[in-house]
Amino acid sequence: MKRFSRLFITLDQTTKTSAKTVALAEYFRDAPDADRLWTIALLSGRRPKRTVNAARLSEWAAEVAGLPMWLFQSSYDVVGDLAETIHLVLPEPERTSDRSLSDWIADIRALSTQDEADRKAAVLDAWTRLGGTERFVFNKLITGGFRVGVSRKLMTRALAQATGIAEPELAHRLMGNWTPETTSYAALITAPDPDADLSRPYPFCLAHGVEGDPAVLGPPDDWLAEWKWDGIRGQLILRGGQHHLWSRGEELMTDRFPEFARVRDFLPDGTVIDGEVLAWDAASGQPMRFAALQTRIGRKTVPKKVLADAPAILRAYDLLEHDGTDIRARPFAERRARLEDVLRDLPPEAPVQPSPLIPFDGWDALGDIRATARDHAAEGLMLKRADSPYHVGRKRGDWWKWKLDPLSIDAVMVYAQAGHGRRANLYTDFTFAVWKGPDLVPFTKAYSGLTDEEFRKITHWVRRNTLERFGPVRRVPPHHVFEIGFEGIQKSTRHKSGVALRFPRMLRWRHDKTVDQANTHDDLLEMLDLYG
Amino acid sequence: MVLEFHDEGIYCPAGRFYIDPWKPVERALVTHGHADHSYPGHRHYLTSEAAAPVIRHRLGDIDLDSIPFGRTRDINGVTVSFHPAGHVPGSAQIRVEHGGEVWVVSGDYKTTSDGLSEPFEPVPCHAFITECTFGLPVFDWRPEEELAAQINEWWQANRHAGRMSAIGAYSLGKAQRVLTMIDPSIAPILTHGAVENTNQVMRAQGLRLPETIRVTPEVTAKTHPGALVIAPPSALAGNWTRRFGTLSTAFASGWMALRGVRRRRAADRGFVVSDHADWKGLNAAIAETGATRIFATHGYTTVFRQWLESQGYDAQIVQTEFGDDLIDEDDAEETAA
Ligand SMILES: [Zn+2]
Ligand SMILES: [Zn+2]
Chain A
81 MKRFSRLFIT
91 LDQTTKTSAK
101 TVALAEYFRD
111 APDADRLWTI
121 ALLSGRRPKR
131 TVNAARLSEW
141 AAEVAGLPMW
151 LFQSSYDVVG
161 DLAETIHLVL
171 PEPERTSDRS
181 LSDWIADIRA
191 LSTQDEADRK
201 AAVLDAWTRL
211 GGTERFVFNK
221 LITGGFRVGV
231 SRKLMTRALA
241 QATGIAEPEL
251 AHRLMGNWTP
261 ETTSYAALIT
271 APDPDADLSR
281 PYPFCLAHGV
291 EGDPAVLGPP
301 DDWLAEWKWD
311 GIRGQLILRG
321 GQHHLWSRGE
331 ELMTDRFPEF
341 ARVRDFLPDG
351 TVIDGEVLAW
361 DAASGQPMRF
371 AALQTRIGRK
381 TVPKKVLADA
391 PAILRAYDLL
401 EHDGTDIRAR
411 PFAERRARLE
421 DVLRDLPPEA
431 PVQPSPLIPF
441 DGWDALGDIR
451 ATARDHAAEG
461 LMLKRADSPY
471 HVGRKRGDWW
481 KWKLDPLSID
491 AVMVYAQAGH
501 GRRANLYTDF
511 TFAVWKGPDL
521 VPFTKAYSGL
531 TDEEFRKITH
541 WVRRNTLERF
551 GPVRRVPPHH
561 VFEIGFEGIQ
571 KSTRHKSGVA
581 LRFPRMLRWR
591 HDKTVDQANT
601 HDDLLEMLDL
611 YG
Chain B
50 MVLEFHDEGI
60 YCPAGRFYID
70 PWKPVERALV
80 THGHADHSYP
90 GHRHYLTSEA
100 AAPVIRHRLG
110 DIDLDSIPFG
120 RTRDINGVTV
130 SFHPAGHVPG
140 SAQIRVEHGG
150 EVWVVSGDYK
160 TTSDGLSEPF
170 EPVPCHAFIT
180 ECTFGLPVFD
190 WRPEEELAAQ
200 INEWWQANRH
210 AGRMSAIGAY
220 SLGKAQRVLT
230 MIDPSIAPIL
240 THGAVENTNQ
250 VMRAQGLRLP
260 ETIRVTPEVT
270 AKTHPGALVI
280 APPSALAGNW
290 TRRFGTLSTA
300 FASGWMALRG
310 VRRRRAADRG
320 FVVSDHADWK
330 GLNAAIAETG
340 ATRIFATHGY
350 TTVFRQWLES
360 QGYDAQIVQT
370 EFGDDLIDED
380 DAEETAA
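Sequence order for the protein chains is A and B. Position 395 of the first sequence, counting from 1, maps to 475 under this note's numbering, and the rest follow consecutively. Position 222 of the second sequence, counting from 1, maps to 271 under this note's numbering, and the rest follow consecutively.
Everything labelled a hint here was simulated from the structure, so no lab data went into it. Note that the structure is a prediction, hence the values are computed from the model and not measured. Fair warning: there could be bad hints in the mix.
What the hints assert, rightly or not - In the DSSO-like style, the derived pairs of lysine-lysine whose C-alpha atoms are separated by at most 27 Å in a straight line are:
1. K481(A) with K384(A)
2. K537(A) with K72(B)
3. K571(A) with K384(A)
4. K483(A) with K571(A)
5. K537(A) with K483(A)
6. K271(B) with K96(A)
Unchecked claim - Covered, in the sense of this in silico footprint (three residues per stretch, anywhere, with C-beta under 8 Å from a C-beta of chain B), are these stretches of chain A:
7. 90–97
8. 138–149
9. 381–391
10. 503–515
By construction, the Cβ of each residue, glycine as well, lies at the ideal position given by its N, Cα and C atoms.
The task is simple: from the sequences and hints, build the whole structure.
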């Protein structure tokens with residue numbers, strides 16, 4: 081694992097993309113096939129499953145290190161990463177090992193069939209044989225949490241440099257259902273069989289956000305607009321008499337959304353559609369709140385009641401494959417017309433419907449339409465250049481998302497908690513409150529949105545102004561006002577304030593406001609009325 | 050109690066003096082020159098002889114008296130003395146004896162020798178007020194030679210690649226320690242003004258530091274190819290390094306032991322070089338004092354106190370305003386003159 085560990089150190093310690101690409105390309109040229117394949121898998125999120133549970137690993141590490149469990153746990157709270165905590169508390173090993181990445185992964189996978197005593201013996205033995213970063217990497221693999229700061233795109237670029245295969249082609253080959261156990265380096269990369277995986281999705285085309293005025297995008301006639309829905313981006317594939325539904329995170333969601341089984345009655349084989357999975361309220365003809373869709377996520381099987389309460393549909397944006405032909409290079413306007421053709425004669429109860437294009441007359445008029453997005457249960461607009469191909473990944477220029485500004489409220493910070501991992505030595509997790517008469521009612525937590533410099537300043541203040549400590553949490557006097565932004569608000573019985581926010585974060589530190597200028601609980605309830 | 054914990058700082062009621070107070074007082078005994086221990090505005094200062102020049106340099110025209118390490122002084126019937134803390138050159142622990150009872154304030158300390166600071170001296174006492182900046186078992190420092198080799202290897206590799214190197218280190222203590230670790234035969238060593246000013250004070254005191262070149266507008270990557278720049282961490286974050294073109298950056302700090310912090314600082318390298326004791330160092334130092342009463346401050350106090358209690362000590366937490374280091378070791382740097 082020495083070669084892989086060296087690669088990991090290089091990737092982990094530099095922030096420069098060019099240095100990462102060089103290191104990866106070099107690795108892809110030199111490493112044995114089995115290691116290359118596992119590295120591609122790891123860097124595309126195909127991590128081996130966790131084979132030992134975290135509690136056991138913690139106990140074993142504490143035992144080897146001679147620490148009481150509470151102290152190990154407190155250390156873990158600060159470090160924020162189990163694999164790293166274990167690595168840091170264990171004594172330096174006396175031996176080393178020449179086994180490769182794939183050898184160690186084979187061992188890790190084998191643990192799942194062993195009994196606990198054997199597992200423990202194997203893990204403890206590994207800890208005495210893996211030095212330095214190798215042991216950290218091993219722990220990351222065994223806890224199923226291996227991640228390194230390399231995007232899929234960067235990895236694909238390095239692989240393209242090492243193999244001479246074009247990047248978009250590689251990106252497509254790397255999509256889908258494969259794991260290192262089901263394929264080989266040759267079958268996946270150098271000599272793939274196009275029919276080997278009929279479920280394989282296309283890489284998703286993604287958009288950047290519009291900054292400022294969309295007029296800079298040029299003549300409005302070059303552009304098509306549609307609603308940006310707040311659901312799960314999905315790709316529906318019909319091939320070989322089967323259907324498959326993929327999420328943008330490349331998760332196969334077919335079983336989670338059984339309603340899509342019916343599309344085989346309506347749509348021909350050789351069809352691939354890009355769209356948004358939404359929980360649909362047929363009565364109002366609008367998507368339900370995201371909370372409804374949430375009842376469907378994370379379930380492998382769906383009870384009848386949930387299925388009836390939150391039925392899903394796909395609002396189709398784009399057609400990627402038509403009659404078995406990849407049409408991603410065709411202009412969007414043409415793909416869109418073909419999509420409408422394909423969906424034309426579908427009955428209204430079909431779970432796939434085109435997401436309507438929004439006709440508009442100039443950028444100003446479109447701005448007015450965008451302002452009504454919440455009335456349509458949309459997050460804003462998507463702008464797509466009419467002649468654009470369906471790109472691989474996030475490319476500037478042809479696709480833009482033009483989201484609504486978040487909802488916001490001014491709130492008072494009342495509790496602070498230290499972060500972990502990246503921010504182990506800073507106070508970063510805050511609880512915010514609004515006024516209810518003379519009292520401050522906590523209503524949300526937020527931990528992102530400030531710069532490191534601002535976090536340092538607030539940490540300095542928290543340390544000097546602690547009123548009370550509850551374990552890692554400190555109560556502080558009401559003094560600082562922050563503007564809290566959020567994407568949605570809903571009723572909640574679990575929260576004292578009666579509301580729960582979606583994606584709360586700090587938009588800015590309002591140095592210009594005193595605590596009595598913060599918003600009130602009534603303001604929150606009014607927002608719940610309007611947007612909940 | 051020989052010492053009490055007041056809003057202004059640690060106070061000796063019998064001797065009517067404070068130790069490292071953070072609010073202006075009549076008489077202050079100061080452990081060392083870092084900004085979170087030596088505040089401006091006191092009427093009289095007493096420090097170790099070795100720490101005095103740097104404290105004068107930082108605080109300007111103050112009424113400062115100093116005594117050599119180990120020498121006792123009577124203050125209103127209380128016996129005080131300064132003992133090496135091994136944290137930075139001149140840094141002291143302060144021993145306070147009254148009515149047969151001995152208390153020691155550790156200030157900041159480290160137990161391993163860095164070849165520059167006067168080595169840490171265990172001082173037997175009844176009560177020990179200890180810092181615990183790195184009071185968790187995940188902090189376990191590597192030997193000095195190993196760290197030195199890491200830094201030199203990195204510098205050498207950069208020089209071969211035609212790049213300059215820059216290392217962010219506290220201008221008082223860490224910077225000089227790095228200077229003694231690096232191999233001056235690799236290429237020239239350049240210093241930021243804040244670092245070089247402290248170097249001058251220390252050289253005048255007789256400390257042996259390698260030759261350094263102060264960065265002035267004429268000093269660039271062209272005039273000193275492959276050089277190593279030593280600067281306060283805050284300078285590395287700003288525009289100051291721009292004159293050197295693309296260069297490899299590193300930080301030297303105990304926090305670099307944590308991958309998360311290392312990644313946040315977004316430097317090319319993080320060297321785990323700390324001026325504070327690690328977990329083993331803290332435990333060994335406390336055991337060596339023979340003290341039964343321990344006051345933990347400056348760091349992971351809650352966890353550390355609980356640990357000490359489980360080891361049979363009578364342990365408490367005291368709130369002090371030391372420890373900007375907890376925010377980041379470079380923070381105190383920005384507030385220092
Ligand atoms: Zn210090
Ligand atoms: Zn300090």
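A quick look at each hint next to the structure:
1. Of the pairs offered as hints, the one joining K481(A) and K384(A) is violated, with about 35 Å between alpha carbons and a cut-off of 27 Å exceeded.
2. About 20 Å separates the Cα atoms of K537(A) and K72(B), which keeps this hinted pair within 27 Å; it holds.
3. Under the criterion of a C-alpha separation no larger than 27 Å, the hint pairing K571(A) with K384(A) is consistent with the structure, at around 24 Å.
4. Restraint check for K483(A) and K571(A): the C-alpha separation of about 24 Å stays at or below 27 Å, so the hint holds.
5. Of the pairs offered as hints, the one joining K537(A) and K483(A) is violated, with about 31 Å between alpha carbons and a cut-off of 27 Å exceeded.
6. As the CA atoms of K271(B) and K96(A) are separated by approximately 23 Å, the hinted pair is consistent with the 27 Å bound.
7. A count of 5 residues in the stretch 90–97 of chain A with a Cβ less than 8 Å from any Cβ of chain B is obtained; the coverage claim is therefore met, three being the minimum.
8. As drawn, the stretch 138–149 of chain A meets chain B at 3 residues by the rule of a beta-carbon pair under 8 Å; at three or more, the given contact holds.
9. Evaluation of the coverage hint for the stretch 381–391 of chain A: breached, as 0 residues show C-beta separations to chain B shorter than 8 Å, against a requirement of three.
10. Judged by the Cβ-Cβ criterion of 8 Å, the stretch 503–515 of chain A is covered by chain B as claimed, because 4 of its residues qualify and three suffice.
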